[in-house]
Amino acid sequence: MIPVKFDYLAPTSVEEAISALGQHGDDAKILAGGQSLLPVLRMRLNAPEVVIDLGGISSLRGIRDDGDAIVIGAMTTHHDVRDDHLVKEHALLLSKAAAEVADSQIRHRGTFGGALAHADPAGDLGAPALALGAQFVIAGPGGTRTVEASDFFVDLFETAIGDDEILTEVRIPKHTGWGAHYEKFVRVAHQWPIVAVAATVKGSIDEARIGLTNMGSTPLRATASEQALAGASATEDGVRAAADLAAEGTNPPSDLNGAADYRQHLARVLTGRAVLKAAGV
Amino acid sequence: MTATQDRPAAEIGKDRRRKEDQRLITGRTRWTDNITLPGMLHLAMVRSPFAHATITSIDVEAAKASPNVVAVLSGKDFGDELGVCINAWPITPDQKTPAHSPMPADRVAFAGEVVAVVVARSAAEARDAAELVDVEYEELPAVVGIKKALEDQVLAHPDLGTNKSALWVFDSSEAGTGGDVEAAIAEARTNGIVIEREYRQQRLIPAFMEPRSVVVDPTGEQITMWSATQIPHILRFALAATTGVPESKIRVIAPDVGGGFGGKLQTTPEEWIAWAVARRLSKPVKYTETRSESLLAAHHGRDQVQMLTLAADKDGKVTGFKVHLDADLGAYIAIVGGGVPVLGAFMFNAIYKFPSYRFECQTVLTNTTFTDAYRGAGRPEATYAVERLMDELAAEVGVDPLEIRERNWITHEEFPFTTVAGLEYDSGNYEAATAKAKESFGYDALRAEQKERRERGDRVQLGIGVSTFTEMCGLAPSRVLGSLDYGAGGWEHASVRMLATGKVEIVTGASAHGQGHETAFSQIVADRLGVPFEDVEVLHGDTQIAHKGLDTYGSRSLVVGGEALVRAVDKVIEKAKHLAAHLLEANADDLDYTAGRFSVRGTDQGVTIQELSTAAFAAHNYPEDMEPSLDADATYDPVNFNYPHGTHLCAMEVDTETGAVKMRKYTCCDDIGVIINPLIVAGQVHGGLVQGIAQALWEEAVHDEAGTLVSGSFVDYLLPTSADTISFDVVHTDEPSVCTTNTLGTKGVGEAGTIASTPAVVNAVVDAVRHLGVHDIQMPCTPERVWRAIHANDGDAPTPEAAMPHFEEGALNQDEGAGQ
Ligand SMILES: Cc1cc2nc3c(=O)[nH]c(=O)nc-3n(C[C@H](O)[C@H](O)[C@H](O)COP(=O)(O)OP(=O)(O)OC[C@H]3O[C@@H](n4cnc5c(N)ncnc54)[C@H](O)[C@@H]3O)c2cc1C
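Read top to bottom, the protein sequences are chains A and B.
The opening residue of the first sequence carries number 73 in our numbering; numbering runs sequentially from there.
The opening residue of the second sequence carries number 13 in our numbering; numbering runs sequentially from there.
Just chain B, with the same shape it has in the complex (with noise of 0.2 Å):
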């Protein structure tokens, strides 16, 4: 459509450090705790002990006489204004929702959830008055666990009558995209392989490294809030929405954000508290949690139960794969809450040409800390269901686990390929994927060493995991979303604004809290238009700069808000040019556009865009049919979502008289269209990989039976350091397949190495002790339960079941106790 340049790229594609990291490595930068306003009070939250409790008094008499409070506030003392938490994707049309108060005047439905607030003047003088609320409960029975609260004993809402939320379905006989997966099933009975597993996927704590963190400054017509979020266009949106502030007299601003993983794509009870308190004040206040209220209160990740039954001729070609899931929402139903399991039913069929597929979902509420999305949301759940199947077809038909996917897998020839979940995959090479992984990573070479381990018996056995995933990325189309009842859009904008300086200015609606941006839209701003990368400076998270956005999640800046960037570049160009063929006295059609330069063909004479755009600045001399400015913005909506996938091998070794485990090597190839940064890229990788093997190893967040978080701090709750990792093996194809719905063709990338590494690392671990009977290792594998899986025959090790491959009426494939 347009002049853009010829000449090659010398940014995308460079290894460029990142230019936001010195500020955000030494913190000398705008963090939202940095912020300090003139007269600002500090807030301290009081929170529930009880997961379920009727409030039956709060006296805040002592609290408010103690130095420097303000006010001690709760519940009763609001009234509308305090606005309310919403759930953003109601997953069905019946739905059972409950009322979600920032601040419950009358029952608590979690253990942490807040029902008083202290503010004084500074952070701890708020904390210790917060100790002297007394707040008098009366405790409810708590139901915790799935499994419990499918019974409908003990309700988390009483009022509901029901802790089942939502079944949603998807059907391939009845989408058109598929046969009768009972049909399929029952014929497998007869003549096939049926595989039938409960899989657990265990809650896990998003655990960013900044503690979530706001501000609210109601000083002036417009109230500002700056807030440690991903999402400032969607919590402003939503403020008004709920708190009856028009939209345009609210400003939010996400400064410099450290980390969120989905964790901080949320609206939160004390961002609304904190705008309540502000207003009814009318002072500045800022609240920052603690690393303990953190763990206990963000919203958590993950937690289902999967019950999956695949269907398999004799030679392990899959003919159906039925999947139904139970997922723990909590006690609220968080803003993309039920969502965040259903973005998996379009995965579960993954790289594979199933012939047809079910997916039901059934959603629960719990007195839990409410769930939302966690790096990889949905997706990483339906990667480990379906590749640890893959490796037990393959044990079942007794081939390799290679060997079974290629079975199964659609050939790069069959791209354009529509899935039996109805989505259309682009382009892909799983082929060459699988081949270029399996050569970095020494395949044969590890599995004869295998073979040898087993036959000597020595202790440590050595296992090999295969993990062929791929992912539905760059959230989102927005018909798409709107077909899902999903209650925004997916689309991103951006804007160009060519300085009198020759500087360029990019803003973009993505808002990112650690990815890079910066550096890497810098980069394709400097390649598609021809200026250095120096020059240009990109602005994003405040909603008074970057006024139209739709946030960072689910792997869509680069992809969408990428795209709607070179679309405004483009359009910068294209004035440009109008201008330069004036200036120069030419027609445009005889201007060429290279490395940032008009020239007319054919002489040397020529104009930069830098130049034509201090020209438009000054605008002593510009065409009569243009605006003095070569300033353009876009607007870009996908056409669709778009596909990474990768090939992930993983050897653990095992060993066999503690059960400990420990990765030997891990190398991943995976395929994510054109690379703009690599550096970043490897980044993004690395830290995705070691947050998906935490799932398989190390994390878990549990709650007793009361509902109290036993894992409350970072003692229980197991995050990964670098000490416990080891250098990954990153590669990439050499003939990546482009994506074909981008200018760029880029694939999204922050989240592959989550949702991939997880099934990779649990196949090794029970590919390594396969041989002495182990079917299955509940997540995180830790050494106990390898062991006592190993021993589960011999007696050296009687309690609990580690495995149970088979449905059994009251059989969990889990330990007693673990958030159950």
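Bound conformation, chain A alone (with noise of 0.2 Å):
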């Protein structure tokens, strides 16, 4: 369908992006890679006056070393965060959930920013930046501030990010060496999720960290079994039994693909296959 009409911004700096926004308020809309936005425009759920691109700022784009974390620019693709070197060596998970977003084209376009800022519950990655701690970097007109991963998802589609702000990179902390598994539940491949399980853990098993897609208005973690996991040993039975408490403290929606009951079932069994294929048994 045909959006409705707008104004078309696109701004160099990320300065320039900023006044922008600020010069629009409300009627503005920021576009990255517009996966997600477009269909909105199109379905026309949403109408913004002025669309702000952010295509043409470079510094946006690239992932760098950055000593105990690696740095993720916001307009980096979901292709590129999965083939990135120094994503798959500190932050396994990343790669292995961005593999699993969409189809190739969607990931081609679409970018790790955008999907974050996006914060739909069943996005692919949003779990994996939660369980690896992922430090938001948002930039205002008042400077540029720096938000904690359990801070950033507030609740269905909605971040700290405001209004007049933008996400400009994500740090992630150096995971080096852990093992890592996204273990993702759809109905049809090129999905969103029913219920994903994003799981990195270091040796077999000093800790945990799992992040859960779906089973709520906001990615969770799983953490009564994180807990029951730090220090177990990685066997078939062990891991199970740590898995069946991976529902704990979950609200999961019911829709066409499952009710609430099935999804935490699922989130239990996901679980467990997520956090033994991370530990390679």
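To be clear, the hints were calculated from the coordinates, so they are not data collected in a lab.
C-beta: ideal position from N, C-alpha, C; glycine also.
Treat the hints with care, as some may be off.
Computed footprint of chain A on chain B; a stretch qualifies when at least three of its residues, placed anywhere within it, have a C-beta under 8 Å from a C-beta of chain A [said to hold, decoys possible]:
| # | region |
| --- | --- |
| 1 | 521-530 |
| 2 | 663-677 |
| 3 | 724-730 |
| 4 | 787-800 |
Since each chain comes alone in its own frame, lean on the hints to assemble the complex.
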């Protein structure tokens, strides 16, 4: 369908983008890869007067090493996140999850920052970012601030990014050498998950970090399972017993793809599988 | 009858790449939406958000004031010139048929119905203004779902007094084609086996790739409509019949059309509205629907509840089959609406020798999108019911599902065979197709693996599903259609035009929308006429060029249209022979016709058909008793349907922990008679399989209680992609059972894969978990449904009941809220 008419701005710097945002306020929308925004515009679920395209800001693209963290520019595509050697080495979980996002065409367009800013609870990148303790660098008229993952996801499609701010980059603390697996459960390929589990483990198992996708209005940590796994040995039975705690404190939706109780069951099963695979069992 | 060629077929049987594909795939062609006419205006529809409501007022002022808006019109702005949407197949004389205006002025009966149309200079401006049309509704209670509709508490159309539209019955004892089914059931209750099941055919959306689009040009004497339709000829007839414009003043063109699957076998409200607006404003107009509109308002398919009673003796020999269907028509009775389930009436007995049979179909009206043909139309539903039940019977008797079928099927020596539904199957060989499929599938090894996994208690269980299907296709003998009160015949027309340069134009009334007619028909003509494949051009889809025809659906194009073509070609050859004899100064009886050349037997004298074509054009020298033309027409009315059949075998893996299912292997051995182009056949089979598999596993159109379509985008209406399917093992019998009622010996293949595959897949899923106490899983077999079925009895998955094997008052074989 045809979107409502809008003006198009293509700033070449973050400052320019922020000042454009400031100028147009509520009437403006940021455009990253457009893979979520354009469907929304085309279905006329939203009708901004101005669209500010971040595509021309080269500083937002790319991945760099920053000591104890790697830093992923907001405009880095899913495809680049998946294939990047720094990501593979220090945050393998992200590479695995990015590989599971949609299909190849969408992975070449959609961006890491766009997906996280969009904050779809069924999106594949929130849970791994949360599990890895990502820090979100947000720029606004007053400068730059950093928000912890646990504070970043506020609700369905809602984050800590203010109306006059943009997400510029995401710092991922290094998890060098951690095993990782993203277990995504779908009905058809190239779709958002019914439930997915992002698991990364150190050793087998010194420490486990587990994120849950689509088990509530934001990405969630499977804290009880993480605690049960810390220091446990990676046996099938042990892991499954810990995974049985994965649905604690979750509040998943009920829809055509599954009722809440089924999703909780899936979370338990998939957590077991994800952890076992991450641990290389 | 004629001097057709005796040279071996060079083209028929050849894997020709489709000559239409380059333009279709690149899109550099004439799709309806690509057509732009001078001064053309664009339409946007205003649709009702309510499933059932009275229209109290429509305020168009703001929309009219919107930039570049030319007009905003609603139902009350039009009189008779708007016409009506027709139902061409009233299935009973007392069928209750609601009046169906393309744009009702007073009351809407489904969410998505058009209440106003905006006309603007661009599509974007029309869309913007459509949002400014302020319609006030008074909501009425909506009836959604078959069971609710049958209660007749809430009425879809209060003026009709009931939701029950028609009851259509066939009984073999009344028809004289078999015995009394009630007696067979009574006998089986005491001495045999009775299986009672309720199956649900969920509602599906045809989801063709090209959205529907229509352009109307009223300039000049004749009004032209381009439409993304399967049925240009029927469309032209219906426009004439309902809008008062003489048929001779109407030209309908279906340019390249991007898929239909029955979904474009319709005369649509949007076409009628575009027609009326163009005439009102005397301007060309275009309307192209959005994908959302397509899912919402283009007709849906299937949607039945089937109550089935199968009676058999203790050995599993079926003695009777009783079928009661309730079929959801939606809000109106679409062009073939109620006829779709009736097409299934003749197929529930499938390939079997059932001695008694009764079929009842109750059609009901609801406040949902109207339903009509979708690939297979009636026959997938029938095949699903009987093939699911044959597996259940096998389980009851304790034998292999293939064994139970063999005990009941028509053996190859018994053809031609008149079935309990009164059809005469001309040819078939179920034994051969089954043997070949079994071998190619590796049946025994997979059964052994299944056993091993069961014994091991493997988390992933393996199931094998069987579907031995047949279908009636090639719609249709006109007299049969007449006896069923269908509104048209089933013949097809073809013309052959021999051009001055020796090239050949063939004109067919079958209107391809992706099937590959241009290639296959060229192959037929190349062989039969003896001209190069490249010299044949196929024309179709324009009522001014292909002036007669009944279009493409029901696997009819090749078997009916192809036969018409053969007959026209034979007439050309006959004429050419006369001319050849004259030019060669020989006796016609002394002429041989080989490889496109007439030669005088025993000499080296001869003339090619292409030279004769030039000679006929020049007309300098031709016999007194002949017109200077080789062109010929033929109209062919089939004497019977044809009956392709096949054995489909499917292996599914079921993850018992999550309910996820995965296809492991799929083999089909289809016997479709003579194959013109194996590559096209493979394409039809692959595509058909995926659509049938998708019904089993993924697709379902769901309305909520208020009648809102919940699965209104491809995020919720799950279409598979290549990533969801496996590479199918497609084989054919070594000695096909040639169709005896057409010259080419061909049978239809367009719907075969869809008809056969759905029960094969569900049978496999059920087979994988039958040992866990599962008898049925409702379609689509979502992981959740499979998981609930497996754990229905162990307290793991408390609600809802996944399977309800026997009839009980109020107990449905379906989830709560799933379209009911
Ligand atoms: C068919 C299809 C299938 C898909 N399947 C999946 C899937 O399986 N898993 C999955 O995770 N995702 C899926 N997606 C979504 C995809 O990952 C998107 O790329 C992603 O959600 C959004 O990223 P984007 O760069 O396209 O952002 P956009 O669509 O451009 O923007 C999304 C939203 O974020 C805002 N935004 C973007 N960047 C910034 C920024 N730097 N600062 C502040 N706000 C910003 C925008 O204003 C907008 O509201 C699918 C999309 C499609 C079309």
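(request) Count the residues of the region 787-800 of chain B whose CB lies closer than 8 Å to any CB of chain A, then report whether that count reaches three. (result) Holds: 5 residues of the region 787-800 of chain B have a Cβ under 8 Å from chain A.
(request) Test coverage of the region 724-730 of chain B by chain A using CB-CB distances below 8 Å; three residues minimum. (result) Since 4 is at least three, the answer is holds.
(message) When I compare C-beta atoms, does the region 521-530 of chain B have three or more residues closer than 8 Å to chain A?
(response) Three-residue rule not met by the region 521-530 of chain B, so violated; n is 0.
(request) Confirm or reject the coverage of the region 663-677 of chain B by chain A under the rule of 3 or more residues with a beta carbon closer than 8 Å to the chain's beta carbons. (result) It holds, with 3 qualifying residues against the three required.
In terms of the numbered hints stated before, the structure departs from hint 1 and from no other.
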